[in-house]
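Participant: This is what each chain is made of:
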Amino acid sequence: MIGERLGNWLSWQRLRAKAWGRLALAFLALLVASNLLLLHPHHPHFSLEAIPGFWAGFGLFFALAMILVLKKVVAHIIGVSEDFHDRSK
Amino acid sequence: MFAIQALLGFLYAYHVEDKAQHVSALLYVAGGFGCVFAGDYVTLFIFWELMSVASTFLVWLNRNPRSTGAGFRYFLFHTLGGLFLLAGLLLRHGDLGTFAFTHVDQAGAQYYDWLILIGFCVNAAVVPLHAWLPDAYPEGTVTGSVFMSAFTTKTAVYVLARGFYGWEVLAVMGVVMTLYGVFYATIENNARRILSYHIVSQVGYMVAGVGIGTAMTINGACAHAYAHILYKGLLFMAAGAVLYAAGTQKLTELGGLASRLPLVMLCYMVAGVSISGMPFFNGFVSKTMTIAGAFEDHRLWLGIGMEVAAVGTFLSVGIKLPYFAFWGKPEDKMRALRPIPGNMILAMSLAALLCFFTGIYPDFLYNLLPYSGVEFHPYEPYKVQTAFLLLGFTALGFYLLRATVRPHAQLNLDFDYVYRLVGRALMFLVSLPLAAIDAVWSEVYAKLGLRGLMGSAKGAGWFDRAAIDGVVDGSAVAVRGAGRGLARVQTGRLQDYLALATLIGLCAFALAWILG
Chain A
10 MIGERLGNWL SWQRLRAKAW GRLALAFLAL LVASNLLLLH PHHPHFSLEA IPGFWAGFGL
70 FFALAMILVL KKVVAHIIGV SEDFHDRSK
Chain B
284 MFAIQALLGF LYAYHVEDKA QHVSALLYVA GGFGCVFAGD YVTLFIFWEL MSVASTFLVW
344 LNRNPRSTGA GFRYFLFHTL GGLFLLAGLL LRHGDLGTFA FTHVDQAGAQ YYDWLILIGF
404 CVNAAVVPLH AWLPDAYPEG TVTGSVFMSA FTTKTAVYVL ARGFYGWEVL AVMGVVMTLY
464 GVFYATIENN ARRILSYHIV SQVGYMVAGV GIGTAMTING ACAHAYAHIL YKGLLFMAAG
524 AVLYAAGTQK LTELGGLASR LPLVMLCYMV AGVSISGMPF FNGFVSKTMT IAGAFEDHRL
584 WLGIGMEVAA VGTFLSVGIK LPYFAFWGKP EDKMRALRPI PGNMILAMSL AALLCFFTGI
644 YPDFLYNLLP YSGVEFHPYE PYKVQTAFLL LGFTALGFYL LRATVRPHAQ LNLDFDYVYR
704 LVGRALMFLV SLPLAAIDAV WSEVYAKLGL RGLMGSAKGA GWFDRAAIDG VVDGSAVAVR
764 GAGRGLARVQ TGRLQDYLAL ATLIGLCAFA LAWILG
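Protein sequence lines correspond, in order, to chains A and B. Here the working numbering is used: the first residue of the first sequence is 10, the next is one more, and so on. Here the working numbering is used: the first residue of the second sequence is 284, the next is one more, and so on.
Same shape as in the complex, but just chain B (with noise of 0.2 angstroms):
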């Protein structure tokens, strides 16, 4: 599925010159990787944290101010989850000896489980540790965001699967995922940013299906993904064409665009009916079996909140979002619309026929679960007849009170405001005592300082003259070309200390890997 989606991915984003943003997808893909096949937490954590690296270039070469600092937030927080797991992993070593990544049950878990469930928490974007997610995809490049959709969360989806699965914490988690996600969406304006709180939403479901733990809900988690990252690639493949088609991602800017971009339109309904669930689409045959899952576990809250979201998503991903975009207002035959490149409209028209064709040949996908052996047909009467009915009365909501739906152009506060609050206190913290600190030595060095040197300046001027010119000259040559080198190298900018250090880093893991 990773390769299936790297690949369309890399066809949506076939036009674009930057080589910089090619090299940090392959990267970032090869991150994704490296952590499905990780045998042991150490390696784990080297591809986990190429991952998070990569994709923070892919919100920096987006190269605008606001992604600048969305990077920045989104490194920062993505280096306190891989802390957490580091963290985790080696106190977890220094009691069992051994890095080795197995399951672990809930009743029998130690504090180092705990740190490493929220490192992985981080990545799956728990809520309240989902904030970085609506902060940085919207500011991510048009192309970056499709690749980065599918990638980290589903990643932490599976070693949640893989180490803590039964875990009742998750299976609360994972609803209240779903629903939050679902609430921001039903109110943001942004058209990537409603996607992005749709990704918090989806995961919840593999949250919820892994934490419940049955092979059934299991199996529908990670049917799940499977379904997540074709149609969720295909929506930020959707919304992003329309972002570089308008030049602007805003629903409250966009509106009667249906005839101008109906490819666009096409593409995008097909992935909004496959997230909502609608029969004959993909996001049908593996929600339903979760929710199915947590039902017949008698979990009837944990399925009623699924239920709840699943007529949330339909409503803003499903209606709001392109009605408001592609419908709306009269036809907008005025604004002057950047011609969308083959490759792209390619790549989408690929994406849908994936949605499709999963959604009515689902065993597809059930071939790759997990569990086999469990008997769940998507397709009887009454299963169709539920979706539609919910589905179609969720519309018929909409269309009641659309007047009350339509977008404002605000901003959403959410946990991200509360990181901000508690680094620039930490800031705060940090620079009021080091202030002081130098207030104080700057006094003491004016007084007393000054006139020590100025007496032992003169003695070392008379040892400097007498003997060591001549020792020096050499070796101050070979000192100025390092230095020089050192320089170049000393920019200043995180970035680029970012990208030697993951230079250095794959240079090492080459070496270990050739020689070892």
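Okay, chain A solo, but in the shape it has when bound (with noise of 0.2 angstroms):
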């Protein structure tokens, strides 16, 4: 059975978490390389974009700010228990 057999896969790769980390993050490393050597915009819709990097910065910046917002501040102020609806009836 397919399924059978990649679960084995995937849960012997899962042993090997550090592995694939590192692959993963030299794959970020070419990426950012390829941007900052080979590959410009053509014609940047604005002026911010033709820097090398922009938009993994861009990616980086707002992937924390939103979980840091989003969880420590705005979770605690609309976050209620589980069965607020069902205890208001």
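Keep in mind that a hint or two might mislead.
To be verified - Anything over 12 angstroms on all C-beta distances counts as not near chain A; from chain B, calculated:
| # | residue |
| --- | --- |
| 1 | 374 |
| 2 | 547 |
| 3 | 586 |
| 4 | 726 |
| 5 | 797 |
Unchecked claim - No farther apart than 27 angstroms at their CA atoms in a straight line, the calculated lysine-lysine pairs in the DSS-like style are these:
| # | chain 1 | residue 1 | chain 2 | residue 2 |
| --- | --- | --- | --- | --- |
| 6 | B | 612 | A | 81 |
| 7 | A | 27 | B | 730 |
| 8 | A | 81 | B | 533 |
| 9 | B | 616 | A | 27 |
| 10 | B | 612 | B | 533 |
| 11 | A | 80 | B | 302 |
| 12 | B | 666 | B | 533 |
If you are wondering where the hints come from, they were derived from the structure by calculation, not from laboratory data. The structure displayed is predicted, hence computed values, not measured ones. A virtual CB, placed ideally from N, CA and C, is assigned to each residue, including glycine.
Please assemble the complex out of the two chains, which come individually in their own frames, going by the hints.
Facilitator: Written out as structure tokens, the structure is:
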């Protein structure tokens, strides 16, 4: 069965998570390098886009900002217990 | 596209024994087709309401108290939206003398056009009219939600694109939707509710594309609608399969299931990277089109907003949900999992294949677009690189803060709380004077009515014995028979009335079709 073999392979790969992590980091480094050296936008839509690594910084910044602001601040403001609506009936 | 998804949906639901679910799903799909093919507002309205009723049943048929409540709220809200649409189209007919469904320019728009727009916006889940969606979809049946995720909002996008393209208000609201959806999804714990918020977000791209209204963004919106039907259906299938197997859809109660449900995980990931716009999958070829269209129209802030939403999409649907559902914890070998039927796996695999196929062969989608001659090539090296950079570093951000983003078992208040408060206030306002009148009336009745009644009863009793008995006996039998039939219909349950109304409506429609 494909599913079973795939499952076994996945649980084997879990043991090698570190190697996968390093591979992913290497891929990111390669991307930035290619952005710095090889590929530039032909006609950037706005001035900042011309800076190499702009979209990398954009992604990282907004990912971090979103998690921090939403989980640390907003979630505490709008969060209520799971049976909130059931109780208020 | 609707037909493909309907086929996949029924394949996914093939094992379900409950006939009512299939009937509702079929009626719902029929409503979707009717809306798309409708030439005038009246036809549109009929099919619009058919969809609303049928989809309410798909929520109710999950048969638990939560889904009953969610179904009622869903139905009330859609009825409200439908009434806006009805009011708008009747007023429009009164003014223009036509029901024709044509494009309206924002500059010359009348108040009734705005009413119609509000009716459409309810179904498109435009913030703040969106809260029915994350309220009802997570409570629908495992298979029903797969259908609902594809049809209601996309039908709404279609009618918006047909009647209201180029409306500035839609461009702005669309971007607000994209952001609002991902913000809520980032802190949500319920898997199918995360996906529901992402419907709001993804439909936001389409609404924004329609609102900006250039040939490229409208094409982008349509391409995204096609792609969305595929990958969102697949996301709901995979999340439904997890719910089916594990019995819960809360991320806090899941984790470490990757090796137990490897095929589900794989299909989910295909859909997850599709929705995030990863190159080689179908979200990439459609989402980038809308965003590029926004930039080319010099709508800088709208474009930036959509890029931020793309980051958030990958963050919550592409990484967070699968991470906490399938990985995130030590391997879970103990949990008892219900075996997943083969037809569900088959449907998911086919959908995943289509997501991939339309990603590497985008012309399959592009050939279906309304404006031909718009040049767009997603696979330029720079565009691919940008997408990978954006998504790769989003993943890095997740990795750095993976402890913070861990979901918590909590409910997040949304606009549905406002709806509920308004509903409760209305209930109070209605029942207060009624209760007062009732109290006074009882008093009056007790004092005066009884004495009068006693007197007249005496008279009537004599008349009855003397004259009527003979006549009435015959007709009483007939009345009793009719009454019994009526009583059987009047069960006092809204779902029965709705089903009956739909049936009568369908019969009337069939008669009109055959005789006309």
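Participant: Hint by hint, say whether it matches the structure.
Facilitator: Cross-check of the supplied hints:
The beta carbon of residue 374 of chain B sits about 36 angstroms from the closest Cβ of chain A, which is more than 12 angstroms, so the claim that it is off the interface holds. At roughly 9 angstroms, the least C-beta separation between residue 547 of chain B and chain A is not larger than 12 angstroms, which violates its mark as non-interface. Its closest Cβ contact with chain A, about 7 angstroms, brings residue 586 of chain B to no more than 12 angstroms, contrary to its assignment away from the interface. The Cβ of residue 726 of chain B lies farther than 12 angstroms from every Cβ of chain A, with a closest approach of about 32 angstroms, so its non-interface assignment holds.
At roughly 47 angstroms, the least C-beta separation between residue 797 of chain B and chain A is larger than 12 angstroms, which holds for a residue marked as non-interface. Pair hint residue 612 of chain B plus residue 81 of chain A holds up; C-alpha atoms about 22 angstroms apart against a cutoff of 27 angstroms. Proximity of residue 27 of chain A to residue 730 of chain B is assessed by CA-CA distance (about 87 angstroms); at most 27 angstroms being required, the pair is judged violated. Pair hint residue 81 of chain A plus residue 533 of chain B holds up; C-alpha atoms about 20 angstroms apart against a cutoff of 27 angstroms.
A threshold of 27 angstroms between alpha carbons decides the hint, and for residue 616 of chain B with residue 27 of chain A the separation of about 22 angstroms falls inside it, so the pair holds. The suggested pairing of residue 612 of chain B with residue 533 of chain B holds, with an alpha-carbon distance near 14 angstroms, which does not exceed 27 angstroms. Distance check on the hinted pair: residue 80 of chain A and residue 302 of chain B sit about 43 angstroms apart at the alpha-carbon level, beyond 27 angstroms; violated. Using a Cα cut-off of 27 angstroms, the hinted pair residue 666 of chain B and residue 533 of chain B is violated, with the two alpha carbons roughly 36 angstroms apart.
Checked against the numbered hints above, the structure violates hints 2, 3, 7, 11 and 12; every other hint is satisfied.
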